[in-house]
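Single-letter residue listing:
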Amino acid sequence: MAAAFGQAVGLLFQGDGVFALVEGQRAGPLGQKGTHAQLAMLEMYDIERLWVSASALRARGLTPVDLMLPVQLLDAEALERLVHAQPRTLLF
Amino acid sequence: MIDRPYDVLSYALLVHAAPYSEQGALSALRFAQAAVAQGHRVSSVFFYRDGVHNASTLMAPPQDEVHLAEGWRSLAQEHGTELLICVAAGLRRGLMSAEESARHGREAHNLEPPFVLTGLGQLVDAMLGNDRVITFAP
Chain X
1 MAAAFGQAVG LLFQGDGVFA LVEGQRAGPL GQKGTHAQLA MLEMYDIERL
51 WVSASALRAR GLTPVDLMLP VQLLDAEALE RLVHAQPRTL LF
Chain R
1001 MIDRPYDVLS YALLVHAAPY SEQGALSALR FAQAAVAQGH RVSSVFFYRD
1051 GVHNASTLMA PPQDEVHLAE GWRSLAQEHG TELLICVAAG LRRGLMSAEE
1101 SARHGREAHN LEPPFVLTGL GQLVDAMLGN DRVITFAP
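Taken in order, these protein sequences are the chains called X and R.
Counting from 1, one number per residue, gives the positions in the first sequence under the numbering used here.
Counting from 1001, one number per residue, gives the positions in the second sequence under the numbering used here.
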């Protein structure tokens, strides 16, 4: 929505949020809508900056090849710099 | 009193926390009350996810507890704060205005002004139109 308002948007995945990026997900069995279809559409909204917490990924036994989209891995220090550099941050 | 106007900030709040289950709901209200008490402006509060339950007209906590919906209503009436409820999050959880209730063929409604149903565009608008946006997650 923010991208539709002409804003430059980036997404940071932390904690269990990194599971949202895992390749090969299917919606259905749990009776919930999946988000993978929306994630696949991000590029259409010019949302190409996807950041992932390297430690969150590692803690869940995942590596970037398990993910459906190319991402930039950030260590704790880089995460801190990133958040400080953004004029607006929303948490979901 | 604030005597330096350039120190006055305008805030937008994003509330995800459910009332009484999660600290974020009361923390958001207390932050808003503290901010306006110090001369700042809380222009908009956007309620999303389980945060939409903070708006229920039918909320009836024990008398010796904080009444969250009443607290938000007072803030709106006294300080002009906009209370915005995500319509998609609200409808999913059975939070609806008289108008939406009629549209969906329901017999009751539990959302009234100053709370208003709105869309995510209003969140973006609130984010861009204020000096700070603060998220109150669970």
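Please keep in mind that the hints were generated in silico from the structure rather than gathered at the bench.
Treat the hints with care, as some may be off.
One-sided and incomplete, this derived list gives chain R residues near chain X with beta-carbon spacing under 8 Å [what the hints assert, rightly or not]:
hint	residue
1	Val1036
2	Val1116
3	Gly1121
4	Ala1137
Beta carbons are placed, not taken as given, at the ideal position from N, Cα and C, and that holds for glycine.
Status of the hints after comparison with the structure:
Interface hint status for Val1036/R: violated, as the beta-carbon distance to the closest one in chain X is roughly 22 Å, over 8 Å. Interface restraint check: Val1116/R against chain X, minimum CB-CB distance 18 Å, threshold 8 Å, status violated. Using the Cβ-Cβ criterion of 8 Å, the hint placing Gly1121/R at the interface with chain X is satisfied: the shortest such distance is roughly 6 Å. Look at Ala1137/R: its Cβ gets to within about 5 Å of chain X, closer than 8 Å, so that hint holds up.
Figure legend: structure checked against the earlier numbered hints; hints not met, in rising order: 1, 2.
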